[in-house]
Every structure is written in structure tokens, then in C-alpha cells.
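Let the sequences and hints guide you as you build the complete structure.
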Amino acid sequence: MINWVINSTLCSGMLLMVYQLLLKNTNLFNFNRAYLLLSILFSLTVPLIIVHQNERTTPEMPSFAAVQQQIVNVNSALTAETKTQATITPGKSQINYGYYAAVIYCIVAMLLLLRFFINLFFIIKEFRHQDKQRYGEAWLVLTDKDVVPHTFLGHIFLNKKYYYQNKIEQGVIDHEMAHAVQYHSIDVIFISLVQAVFWFNPFFFFFRRAIQLNHEFIADAAALRSSGNISRYQKLLLSKASLLPGLSITSEFNYSITKKRLMMMTKHTSAASAWAIRLTVIPVIAGAFILFCNKTIAQQPTSNNKPVDSAKSKDSNQPIASKSNNGGVMVHFDGRKYPSTINGISASEMAEYEAYETKYTTRRLDVSKSITKPEEERMEYLFQHMSLAQQKYRTIIFDYPPAPAHGSVVSAHDLATWADAGTYGIWLNGKRIKNAELQNINPKNINQIFFSRLTDKAVKNDGFHYQVELMTLAYYKSYRKQAIANRNNSMMLFHFKS
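Numbering (this note's numbering), first residue to last: 1 to 498.
Hints in this document: simulated from the structure, not taken from any laboratory.
Backbone N, C-alpha and C define an ideal beta-carbon position, used for all residues, glycine too.
Where hints are given, some of them may not hold.
[Unchecked claim] Result set (DSSO-like, lysine-lysine): computed pairs, CA atoms no more than 30 Å apart in a straight line:
id, residue 1, residue 2
1, 295, 267
2, 260, 337
3, 145, 132
4, 125, 160
5, 267, 373
6, 460, 444
7, 359, 431
8, 481, 460
9, 145, 125
10, 481, 431
11, 392, 434
12, 167, 260
13, 359, 337
14, 24, 260
15, 267, 235
16, 444, 481
17, 295, 337
18, 373, 444
19, 431, 457
20, 145, 161
21, 337, 373
22, 337, 477
23, 337, 481
24, 431, 392
25, 477, 444
[Said to hold, decoys possible] Label-pair restraints from in silico Cβ distances:
id, residue 1, residue 2, range
26, 200, 491, 36 to 42 Å
27, 45, 262, 53 to 59 Å
28, 283, 165, 54 to 60 Å
29, 99, 437, 53 to 59 Å
30, 491, 45, 32 to 38 Å
Spelled out as C-alpha cells, the structure:
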């Protein structure tokens, strides 16, 4: 969310600067209108656009020990780390600055929206209870109030007495007709809502001023086409300069009577200059897109299926365990980088992911059988679009599976040692067996062993301290074949809960 706010603000500032330097002093009024409105939309949406970028080089897939083998090291690292943290890190109450910032944002946005809708209510109330008559493509709303001529959504508000006494100059009506037929009020409503919702962006205030002043340029140009007398129209503007302004969401005749507005009536931009300016805007928009879009680093899968000698990759295969914010254990596996983005996901998307974590986190490093496939796919999508910092402290993560572990040898002495049910829990080919059944197993038929130590909480629940998982030769071959086939399919990791 913070990245979106920063990128959106910087993008709007960049586009506003381009307007001030290239377009502000030209009479390309309709082009300027489109540029200003589209710049606002562009700055709000471009940080949400995801662009996938491939890394220049494809990293080689290292050999991993199987997940179960790494649990021993994870537990050891966690135990050491927990003791260290208990020694050097005192408990502190954390101030939730994000919560207070959200509260302040909501209060200010609600007040600004309330002001907008109050103004809208008074305008609607005014033209509902006043006399109306058709005037060309617009409606005249004739009111008894002493109002400044102003326009809102095709309705021109005039004082009834002055209108019937012909005291309202034709140039004023022509000016307001331009506002009405081109629906300038829609632009004003749009920027008013944008300002209210995104009030923290200071550049939208200047966008609003530029939009409304450009509306006046357009209306002035239309009035001049009707009268054809620039001098008389300029005197009319000056005579109305002392009128009080109306509501902020209407287009009134005397809005921003400035020397600049008078000067623009005689401004001329050649056709060649106009096209040059328009074409200059194209690379600016392209550059803004490249700078402020959400860039995703897409990891290319490797096609090398050859396992690496575990002896050579022993050090690189060690997991790193660290405490997470919600009490879980963060396990980092060296090797291929899992996809992430630079800007990350929004606060609402992160809250959605954390809700899944709360629902499905288990005390074991395994996949919950209760999670549905659509939920898992949604979680993986969110995780892939997190930034590295957002991925770091998750209780549930996605990663590439490790390479299959190499076969290992078991002795008869080992089998005899594991017969103690109070110390060891035994699994054979993925199924729990009784410890007494070990005496019926020939050690030569065992081709793989996974050995892990349980957490203190798990010991209380299960009644043993170590988990031993054995594989026969046939089962190991099947496991290894499946592990190689699934090496590019992501897996979900549930971290231990302390």
C-alpha cells in the first residue's frame, strides 16, 4: 500500500510538471482537458499494473535435503534463537502506527466526502424547486436568489429578475452554455471525489485548479466564437471580477478572473507546434509507465534434473530459522528464488492472506488437508505478488520443493534402538507403525531414513521425542521419481507454532 501511495503521488507530480512546462501556455484546450483527466486516472492505476520481468540468468537448481531432514536443524536453530531472544530482547509494547494512520485517513476522507455531498444536495435542491426552461442544448434554472451565473450538469443557474429584464449579457450566457453542453461539471465531480478519497496527494489540488481554469479557457473560446469581439468580451470579464464565487463543484462565470485568462484569448499555437507538443507527451507517458508500474521478477524454471552430490552442497542446504511476528518459525531455503514483486501487495490483500494463515496454520511442517484448492491457488497468487519483505515473516509460505534426498543405510542396531516407543515414533513408507514391528524389518531393505526431533508441545501431544521415517527401496524409487517430476511445482510450507 505504501509503495502504491508513493508511486501514485510521484507519477501524478511528474505528469503535472509536464503539463505546466509543455501544455499550460498553449491553446490546445480540449487536448489539455483530456490530458489532465487521463493523467489522474493513469497515476492512480499504473502502480497497480504488474509487469513480469525475467531474470537475465537462470539460476542453477541446487540439491536440497528433504524437508523432514531439515526439521532437526530447524528445531535446533529455533531453540538456540529463542534462548538468545529471551536473554537480550525484553518485551516492549508496540505502537500500531498503521492503525492510527488508517483512522486519520478515514476521518479526513469522510469529512471531505461529506462536504462534497452537502454541496451536491444544495445544487439538486435548487434546480428541483425553481423554474426551468429549455435553452438550446441546456436548461435555464431561473431562481429568485441573487446568484452568480453558474452551470451544473447541463443546467445554467440565473437570477430570474435579471434574466427577464435582459440584464444578463449574452456573452455570459454563451460562456455558461459552453460549460453546459460540454459537461464540465463531470470533470469537477470527478476531481472532487479523487481529492476527497486521495486527499494525501497534494498534486491533485493543483490538478483541480488546472482543470477548472482550462474549463474557463474553453468557455471563453466558445463565447468569443459567438461574439467575435475580443475587446468587448474582455471588458465584460473585468466588469464581473468582483462577483462572489459560488459552490466549489459548479462552473461559474467569474471563476479565476486573472491576467492569464485574458492573455489566453489572444494566444495562438501553430499547427506544427501543436503536433510537436502532442507527440512529446507520448514518450513522457511511456517513461512514467516504466518508472511507476509494479515490476514482478519472474523466476524461470531450470531444466537440469541431475541431482547434485549432497556432500558438495551440504553447507548450502542448511535451513535458517527465525521467529516470525505471530509466533511461527520462518524457514529460508537457499536455492532458486521464488517469484516476488518490488512493490508488493496492498494492505487489504495482505489482510486476506493473513486470514488464511490464521485459519490453516498448524503446529507441524505439513500441508493441511482441510484447505481447498481455490484457497491454495489464491494464497499462492498473493504470495507470488508480495515483495521480499512481505514474504519474509509469513507463517505459511510457498517455495520450490527440495531435490530428492540421497539413499541412506540403516543398521540392525539402529532398528533395535528405535524400539523404545517412549522416545521414538516410527513411520514406514508414509504410514505409522508400532515400534515392535521394527524387529520384522530387514535393515538391508531400508533405503532411506528421515530423522527429526519434535518440539516440546508436540512431545506432550504425541508421547515421543523423535520421529523416524523409513523408506523401502521400492518406495524410495517412487518417491525420488515423483520428487524429480514435481521439482518445478511450488509447495506450501506450514511453519511450526511454539
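Hint check results:
{"no.": "1", "hint": "295 with 267", "result": "42 Å, violated"}
{"no.": "2", "hint": "260 with 337", "result": "57 Å, violated"}
{"no.": "3", "hint": "145 with 132", "result": "14 Å, holds"}
{"no.": "4", "hint": "125 with 160", "result": "17 Å, holds"}
{"no.": "5", "hint": "267 with 373", "result": "64 Å, violated"}
{"no.": "6", "hint": "460 with 444", "result": "33 Å, violated"}
{"no.": "7", "hint": "359 with 431", "result": "26 Å, holds"}
{"no.": "8", "hint": "481 with 460", "result": "36 Å, violated"}
{"no.": "9", "hint": "145 with 125", "result": "13 Å, holds"}
{"no.": "10", "hint": "481 with 431", "result": "19 Å, holds"}
{"no.": "11", "hint": "392 with 434", "result": "39 Å, violated"}
{"no.": "12", "hint": "167 with 260", "result": "27 Å, holds"}
{"no.": "13", "hint": "359 with 337", "result": "27 Å, holds"}
{"no.": "14", "hint": "24 with 260", "result": "10 Å, holds"}
{"no.": "15", "hint": "267 with 235", "result": "17 Å, holds"}
{"no.": "16", "hint": "444 with 481", "result": "21 Å, holds"}
{"no.": "17", "hint": "295 with 337", "result": "16 Å, holds"}
{"no.": "18", "hint": "373 with 444", "result": "40 Å, violated"}
{"no.": "19", "hint": "431 with 457", "result": "22 Å, holds"}
{"no.": "20", "hint": "145 with 161", "result": "9 Å, holds"}
{"no.": "21", "hint": "337 with 373", "result": "24 Å, holds"}
{"no.": "22", "hint": "337 with 477", "result": "27 Å, holds"}
{"no.": "23", "hint": "337 with 481", "result": "23 Å, holds"}
{"no.": "24", "hint": "431 with 392", "result": "33 Å, violated"}
{"no.": "25", "hint": "477 with 444", "result": "15 Å, holds"}
{"no.": "26", "hint": "200 with 491: 36 to 42 Å", "result": "40 Å, holds"}
{"no.": "27", "hint": "45 with 262: 53 to 59 Å", "result": "37 Å, violated"}
{"no.": "28", "hint": "283 with 165: 54 to 60 Å", "result": "55 Å, holds"}
{"no.": "29", "hint": "99 with 437: 53 to 59 Å", "result": "55 Å, holds"}
{"no.": "30", "hint": "491 with 45: 32 to 38 Å", "result": "34 Å, holds"}
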